[in-house]
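Participant: Each chain is listed here by its residues.
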Amino acid sequence: MIDAVGNPQSILLLGGTSEIGLAAVEAFASDRPMRVVLAARPSQRLADAKARLEARGCAVETLDFDATALDTHTAVVDKAFAEGDVDVAIVAFGLLGDNEEAWTDVAKAVELAQVNYTAAVSVGVALGDRLKQQGHGSLVALSSVAGERARRSNFVYGSTKAGLDAFYTGLTEALRPFGVTVTVVRPGFVHTKMTEGLKPAPLSTTPEAVAEVIVHAVRTKQELVWAPAPLRFVMSALRHVPRPVFRRLPL
Amino acid sequence: MTSPASETRSLHGWGRTAPTVATVITPRTPEEVAAAVKAAGRRGIIARGLGRSYGDPAQNAGGTVLDMTGLARIHSIDADSGVVDLDAGVSLDALMRRALPFGLWVPVLPGTRQVTIGGAIGADIHGKAHHVVGSFGNHVEAMTIVLADGSIRELTPEGPEAELFWATVGGMGLTGVIVRARLKLHHVETAYFKVDTEQIDNLAELMARQTQDDEKYAESVSWFDAVTTGEHFGRGLLTRANHATLADLTPRQRRNPLKFDAPQLLTVPDVFPPGMLNRVTGRLFSELWYRKSPTKLGAIQNITQFLHPLDIAGEWNRGYGPHGFLQYQFVVPLERGDVIRTVLERMTEAGQVSALNVLKRFGEGNRAPLSFPKPGWTLCVDIPIGPGLGELCEELDRIVLDAGGRHYLAKESRTTPEAIRRGYPRLEEWRKVRAAVDPAGVFASDLARRLELI
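Protein sequence lines correspond, in order, to chains A and B.
In this text, residue positions in the first sequence follow the numbering used here: the first is 1, and each later residue adds one.
In this text, residue positions in the second sequence follow the numbering used here: the first is 252, and each later residue adds one.
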């Protein structure tokens, strides 16, 4: 259960090695140890994350989760709920890809679309069903400002996040009568392994800063947040910039 | 026979925090309660009264919640013996209105009368008279409960199932659904109190005065100011009273000495923004509250004036705004009265503002393993939900538990299972009694899940 001051007792991270996701779990666990389920493909990074959280006093379980194996998603989600309620579920897996490759290579484009959008929808449905039965809980989906207006430089990634964003925004409304809060998080450029070597955009941020935004949003039941917060206004303006101008912006 | 009303609804406690959704059924007979218990799904079932617990004991996310206010009949009142037989959904307010004309008084009254009999037993509530009369369970002669298998049983405090009786007193509804009870009320001549109010200008003296001659009074409590710092830190009002006799009343009051004089003047609208209670308003409130009652001995006061000043405004919890608030209540042994000061100092240092601060000395506890009161000081503070509150409460938990104290489950909304285990050493004993009558865990609540009670 999430208590009166917003402390959860259990958390499920889909994309168990996501830097932002793990930072969020650690931020929640910094106040109180809790039950953590990390769902990801087995790897050294996953084992390290588990050890790190256990050192903080958390009870950590790992589940083998492959975003592309769509027909396994329901079973993975069911397993995560088998040991008790899941108070917070974070959908944090995703690929950035190389935009030039992605828009010219069918296989690459489909992979991005499958992992970032189709798989996110698939786990969203499974999580929605379980949370609905549970009658409480918080579902966090990592979207991106890239989905708010497609840019030439990463529109394939942006299109997948736009789809995810729309799905989880709708899910917010669908799950509200069942006592479940869905939070869509739109980070800007985040310095992670995924963005290593890329030129940071203005207002770039860190996984830890995004994690703080997530924790605060869950505690206060916010449904749509930007990280950092001022991006909300920047994106609001950018959405209305005429195309001839937008295309010339150094984004 | 039609089936009882059922709807899916979001429920929260009096603190308006952590709402969850459940199927709410409103049964009208014990048989309908039994049918609902037998039909309960995987997420279980719990009884709910008037929702005055601050946290989540009367919520059951994804499961069933029984709205017990549909069972609201008073079956009989025996004016001579003072025994009343009534349904569990009857409120203390309704009971008082019916019993007072017979010269009968409900011995245990908490800060509000909007509590059902079932809730009063389930939380083993206490009032300002605890040092003399103990808690609510002490006045229950028998109760009828619906068990997990749907069977209906009558329990008595000394009978063959005394263990289950006492596990149900303070058991937060987790042993079964209380549907009916027999209570023993007290005889009074009037519905008024003869009140001694003392304005005392610091905490140490307030506590010393409260220790001196509490036994002379049937009711005793103090309110104090937790905002003012310096030498007047913890200045407050000690109010103590006995039931007024006919001779104490004015001729006018004597015409109708058992009048139920407890008006509700307004209902607070749900329009307040967060942050209504801050340092400025908190200071203002504390100043006014302190000033309004200069030292005065022997004043005659009615029920609202003395017992339930907050009941004058309905839904007053809305004044704290949409984020809600929590009430932090604990008891520490008498010899650890120093904890009261430490807790207040930590709160002030952390910048948290509490306007409603109530301090009382408890008398002896009872046999119930999860009953909250035990000999000691109990402090109760209301704090609006805001940044830093979680951390502060964690720190207060450590101070309270290290002093051998514990938390009140009817107020609790944020602590850890570990804190409850430490505070209630007889928790395991209670769990065993519960497991014997509900092995499958049919009775469940958000509180039970959060604090791992079951």
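These aren't lab readings, by the way, just hints derived from the structure by calculation.
Careful, some of the hints might be misleading.
[Said to hold, decoys possible] What follows is a set of in silico ranges between Cβ atoms, one per label pair, in the way DEER data are often shown:
hint, chain 1, residue 1, chain 2, residue 2, range
1, B, Asp653, A, Arg56, 21 to 31 Å
2, B, Val519, A, Leu224, 50 to 60 Å
3, B, Glu586, A, Pro230, 28 to 38 Å
4, A, Gly57, B, Asp512, 52 to 62 Å
5, A, Leu251, B, Leu539, 31 to 41 Å
6, A, Pro42, B, Ala691, 28 to 38 Å
7, A, Ala174, B, Pro545, 41 to 51 Å
8, B, Glu642, A, Leu251, 48 to 58 Å
9, A, Leu224, B, Glu566, 25 to 35 Å
10, B, Glu566, A, Lys79, 42 to 52 Å
11, A, Ala174, B, Arg597, 49 to 59 Å
12, A, Pro230, B, Ala691, 45 to 55 Å
[To be verified] Here are some chain A residues the structure puts well away from chain B; computed CB gaps all over 10 Å:
hint, residue
13, Gly6
14, Asn7
15, Gly135
16, Ser159
17, Ala166
Glycine included, C-beta positions come from ideal geometry on N, C-alpha and C.
Participant: If a hint holds in the structure, say so; if it doesn't, say that too.
Facilitator: How the hints compare with the structure:
{"no.": "1", "hint": "B:Asp653 with A:Arg56: 21 to 31 Å", "verdict": "holds (23 Å)"}
{"no.": "2", "hint": "B:Val519 with A:Leu224: 50 to 60 Å", "verdict": "violated (31 Å)"}
{"no.": "3", "hint": "B:Glu586 with A:Pro230: 28 to 38 Å", "verdict": "violated (55 Å)"}
{"no.": "4", "hint": "A:Gly57 with B:Asp512: 52 to 62 Å", "verdict": "holds (55 Å)"}
{"no.": "5", "hint": "A:Leu251 with B:Leu539: 31 to 41 Å", "verdict": "violated (57 Å)"}
{"no.": "6", "hint": "A:Pro42 with B:Ala691: 28 to 38 Å", "verdict": "holds (36 Å)"}
{"no.": "7", "hint": "A:Ala174 with B:Pro545: 41 to 51 Å", "verdict": "violated (59 Å)"}
{"no.": "8", "hint": "B:Glu642 with A:Leu251: 48 to 58 Å", "verdict": "violated (40 Å)"}
{"no.": "9", "hint": "A:Leu224 with B:Glu566: 25 to 35 Å", "verdict": "holds (30 Å)"}
{"no.": "10", "hint": "B:Glu566 with A:Lys79: 42 to 52 Å", "verdict": "holds (44 Å)"}
{"no.": "11", "hint": "A:Ala174 with B:Arg597: 49 to 59 Å", "verdict": "violated (43 Å)"}
{"no.": "12", "hint": "A:Pro230 with B:Ala691: 45 to 55 Å", "verdict": "holds (53 Å)"}
{"no.": "13", "hint": "Gly6", "verdict": "violated (7 Å)"}
{"no.": "14", "hint": "Asn7", "verdict": "violated (6 Å)"}
{"no.": "15", "hint": "Gly135", "verdict": "violated (3 Å)"}
{"no.": "16", "hint": "Ser159", "verdict": "holds (34 Å)"}
{"no.": "17", "hint": "Ala166", "verdict": "holds (25 Å)"}
Taken one by one, the earlier hints fail for this structure at numbers 2, 3, 5, 7, 8, 11, 13, 14 and 15, listed in ascending order.
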